[in-house]
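Use the sequences and the hints to build the structure in full.
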Amino acid sequence: MRRKRIPLLAASVLAVAALVASGSPALADPGRGGGHGHGRGCEAEAPGALGGDLGAHDPGLYASCEEGGPWYVFATGWGPLGQGNITIRTSLDDGATWSYTDTVWDVKPAWLTEAVPGVDNLWAPEIVEDDGDFYLYYSASTFGRQRSVIGLATNTTLDPADPDYEWVDRGQVWESNPGDPYNAIDPAVLEAGGKRYMAYGSWWSGIYMLELSWPSGKVKRGAAPVFVAGRGGAGIEAPSLVKHGRYYYLFTSWDGCCAGADSTYSIRVGRSTSPTGPFTDRDGVELTEGGGTLVLGAHGDYVATGGQSIHNGLMAYHSYHEDGHFDLGIEAIEWRRGWPVLDGA
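Residue numbering for the sequence shown is -28 to -1, 1 to 317, as defined by mature numbering (1 follows the signal peptide of the UniProt record, and there is no 0).
Watch out, some of these pointers could steer you wrong.
Think about it this way: if two alpha-carbon atoms lie no more than 25 Å apart in a straight line, the pair counts; the simulated SDA-like pairs of lysine to any residue are [stated by the list, open to error]: (1) 190 to 86; (2) 192 to 149; (3) 215 to 245; (4) 190 to 250; (5) 192 to 101; (6) 190 to 89; (7) 215 to 272; (8) 190 to 142; (9) 215 to 76; (10) 190 to 140; (11) 167 to 196; (12) 215 to 199; (13) 167 to 186; (14) 192 to 144.
Because the hints were derived from the structure by calculation, they are not lab data. Keep in mind that this is a model prediction, so the values were computed, not measured.
So, in structure tokens, the structure goes:
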């Protein structure tokens, strides 16, 4: 079984180093823009062509609907920056131009290195806003191994210039061990009917979902994992969730992620009238039986796309270029006859 170890080009490393040396910009408070994947909030406008530092892998998007309001992308960490902690990028022009800002912590919480020996970079963050509080879910694992944990940090602002800005470690949310039918990585959160659910997982038997207790953000006492998508051991990971109309949509990333120009990632989807499924694809095949309608894979000069997140009507993802590097992409989800459409632009 494989899992993400991020290759970065030398140019990307130099660009990040220059941005780190220049310091973090002061940012305006983002306000209350609606929860990531919660199916509420506003409809932000897609930024079109992107520029700046686009080296965000597994991007977790927070898109403000206020003109000129800051946008944020949280992404999988990389070793030299804050010991591999989750990276933060910001945009002050409605998502068009991105700058590296910081990592969530300078040093990993001690419990992470004890819980997952050898952990390097933290993976696949999910940013959730609820009434002015921010919940950051992330995963800690090592490449190809099933001992993994999902952790949680909270903040009252995303503005690093705010005196109240501080990421508070809330500890472990969920875990996996060898022999479990899932890997506890790639968390995604959905609000539905006054409840919160967390989807997670990759490879092994597939994607699972748990009900959360709120406002703690932890797993509800007595909650049992529900199997919602799988491919019989083939590559499936990186769930994301959103409600549109009367349906709940579960997006996943299929196949191989992190092999440069040899990557084969693609974004797939199914839908259900229940937040916990069963989800079926456009052909009526259940996602637990290997179903999944293609949303976006190879496009233009890019050979693979995945690691997606959703906020305020937009989807963020990373795509691997045919020369081997990866780039952030953000576009509005179009809906045609009840199904999502992306064009890679």
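Point to revise | Index of numbered hints that the structure contradicts, given in increasing order | key: Result: hints 7 and 9 break, sorted rising.
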